[in-house]
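**Q** This is what each chain is made of:
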Amino acid sequence: MMEWKRKDLIALEDLSREEIELILNTAKSFKEVSTRAVKKVPALRGKTIVNLFFEPSTRTKTSFELAAKRLSADVLSFDVSTSSISKGETIVDTAKNIEAMKVDCFIIRHSVAGAPYLISKNVSCAVINAGDGCHEHPTQALLDLFTVKEKFGRIKGIKISIIGDILHSRVARSNIWGFKKLGAEVTVCGPPPLIPLDIEKMGVRVTYKIEDAIENADILYILRLQKERQRENFLPSLKEYSKIYGIDRDKFLKLKKKVFIMHPGPMNRGIEIKSEIAEKDNSLILEQVTNGIAVRMAVLYLTIGSKR
Amino acid sequence: MEKKALNAKEMSEVIENLAKEIERSVGLENLAIIGIKRRGDILAERLRGILQKKYKREIPIGFLDITLYRDDFSKIGANPVISETDIKFDINERKILLVDDVIFTGRTVRAALDAIIDFGRPSLIRLAVLIDRNHRELPIQPDFVGKVIETEKEEIVEVKVKEMDGKDEVVIEKK
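Residue numbers (our numbering), protein chains in the order written: chain A, 1 to 308; chain B, 1 to 175.
For the record, the hints were derived by calculation from the structure and aren't laboratory data.
The C-beta atom is built at its ideal place from N, Cα and C for all residues, glycine as well.
Be careful, since some hints might not be right.
[Said to hold, decoys possible] Examples of chain A residues lying across from chain B (beta carbon under 10 Å, computed):
{"id": "1", "residue": "LEU22"}
{"id": "2", "residue": "THR26"}
{"id": "3", "residue": "PRO236"}
{"id": "4", "residue": "GLU240"}
{"id": "5", "residue": "SER306"}
[Unchecked claim] Only pairs whose alpha carbons sit at most 20 Å apart, straight line, appear in this in silico EDC-like list of lysine to aspartate or glutamate:
{"id": "6", "chain 1": "B", "residue 1": "LYS95", "chain 2": "B", "residue 2": "ASP165"}
{"id": "7", "chain 1": "A", "residue 1": "LYS69", "chain 2": "B", "residue 2": "ASP118"}
{"id": "8", "chain 1": "A", "residue 1": "LYS39", "chain 2": "B", "residue 2": "ASP86"}
{"id": "9", "chain 1": "A", "residue 1": "LYS69", "chain 2": "B", "residue 2": "ASP90"}
{"id": "10", "chain 1": "A", "residue 1": "LYS31", "chain 2": "B", "residue 2": "ASP118"}
{"id": "11", "chain 1": "A", "residue 1": "LYS149", "chain 2": "B", "residue 2": "ASP143"}
{"id": "12", "chain 1": "A", "residue 1": "LYS31", "chain 2": "B", "residue 2": "GLU23"}
{"id": "13", "chain 1": "A", "residue 1": "LYS40", "chain 2": "B", "residue 2": "ASP90"}
{"id": "14", "chain 1": "A", "residue 1": "LYS5", "chain 2": "B", "residue 2": "ASP90"}
{"id": "15", "chain 1": "B", "residue 1": "LYS88", "chain 2": "A", "residue 2": "GLU276"}
{"id": "16", "chain 1": "A", "residue 1": "LYS40", "chain 2": "B", "residue 2": "GLU84"}
From just these sequences and the hints, can you work out the full model?
**A** Take a look at the structure:
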């Protein structure tokens, strides 16, 4: 099996198929740890991991924090609202100052694409991208890949339709890279203003018709619709979006085969997904959350688990 | 250079003898077996096969990957590949037979003991190994030994098993 050689995890675009598979296989072994009575192994004892979230997040931050703690690392969550950023310090200076306290890893979320990359080039410790602007959210896509692989036993040949605001979605971008590299057939679907021009160049099929996206899919990956998109004039109305693109029982009843539902959270119940669908037995949404811990444990283990 | 320490026939006799010893001194009541990956798990399966025949009831078995409990993380260059730990039974108040193929420095067993204790509190733990090759670095000794062989520290003792390597044998290799 191959070795992990990277200092950082910034984007799935950078990774080879083998690297993605290494993370997924490693995560498989970590999943068991969270089912134990004592949910902790000593692999990262003495390592310090810093959550540097410049944008609010509950799930991803909690997931990374639990992953780090289950590997016995120490975790520090840096609250940006009370930080020196508000006093005018640049993000690179902030990171360098924290690094000077001898930490091993930064987990960074930022509203600007490229911020984690910029920091990674200026520090010698590991940097993991926890979502940057509209660029990428690699660990989300890795946990999605893991969930699909666990459910179907493979990724190659699986048909996944990503539905919603593709244009602003780092989750969509990371998932397109990840699923394409592992041989899935990816379709994207949404209202035309929210589908990026030239997205076909990433190897995906584009459709604006929801029926078309649902018809041939094994998995519907429903993106969160951010309400401010209406204010920004990308959408005439949320109600209209919900009626056309929201996944509800009516759209589901037409299906002949079993289709699984995934969503990166947090859900807007009633907009992109109706409650009756989110609660169905073919919803993988909570499994995604569970698997997020195992995948993030694997990423932390691979990036800072050994001497480099 | 390769030197044979046990052939297939000798290996199976050694395992039979280990099973006898274990039955006599630990007993089979409330016993469970845990094999250390990789190869210790296969020996554990074989011991269990023999012991179950005598016991006529099922003996629980589990497998342990000790990678995450290693003490040399900061020294090794690359991340060791991890395989899954699988212990489905309740280990509290059980007699645990820990099985590995070779005991050398004792560090693997130290890691395994730590891992087992994270799963609960067994009433006792006994250690069975196929080969004891000496050179211990920790005060850990096996309770049941198939065969003691004299080795140089640089030599490699390789236990081969049918299930993974196509044949049963133990060889000593010079580096």
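**Q** Hint by hint, say whether it matches the structure.
**A** Hints versus structure:
Checking A/LEU22 against chain B: minimum C-beta separation of about 9 Å stays under 10 Å; hint holds. Nearest Cβ of chain B to the Cβ of A/THR26: about 6 Å, under the 10 Å cut. The hint holds. The beta carbon of A/PRO236 comes no nearer than 51 Å to any beta carbon in chain B, farther than 10 Å, and the hint placing it at the interface is violated. Interface hint status for A/GLU240: violated, as the beta-carbon distance to the closest one in chain B is roughly 48 Å, over 10 Å.
With its C-beta approaching chain B no nearer than about 5 Å, A/SER306 sits inside the 10 Å limit, and its interface hint holds. For the given pair, B/LYS95 sits about 31 Å from B/ASP165 by alpha-carbon distance, which is inconsistent with the 20 Å threshold. A distance of roughly 15 Å separates the Cα atoms of A/LYS69 and B/ASP118; the hinted pair therefore holds under the 20 Å criterion. This hinted pair checks out: A/LYS39 and B/ASP86 have alpha carbons roughly 14 Å apart, not beyond 20 Å.
Under the criterion of a C-alpha separation no larger than 20 Å, the hint pairing A/LYS69 with B/ASP90 is inconsistent with the structure, at around 24 Å. Taking the CA atoms of A/LYS31 and B/ASP118, the gap is about 16 Å. The hint holds against a cut of 20 Å. Under the criterion of a C-alpha separation no larger than 20 Å, the hint pairing A/LYS149 with B/ASP143 is inconsistent with the structure, at around 43 Å. Annotation: proposed proximity of A/LYS31 to B/GLU23 is violated, straight-line Cα distance about 35 Å (limit 20 Å).
With a C-alpha separation of about 17 Å, the suggested pair A/LYS40 and B/ASP90 falls inside the 20 Å cut-off, and the hint holds. For the suggested pair A/LYS5 and B/ASP90, the alpha carbons sit about 38 Å apart, so the restraint of at most 20 Å is broken. Of the pairs offered as hints, the one joining B/LYS88 and A/GLU276 is violated, with about 35 Å between alpha carbons and a cut-off of 20 Å exceeded. Of the supplied pair hints, the one linking A/LYS40 and B/GLU84 holds, its CA atoms being roughly 15 Å apart against a limit of 20 Å.
Of the numbered hints listed earlier, those contradicted by the structure are 3, 4, 6, 9, 11, 12, 14 and 15.
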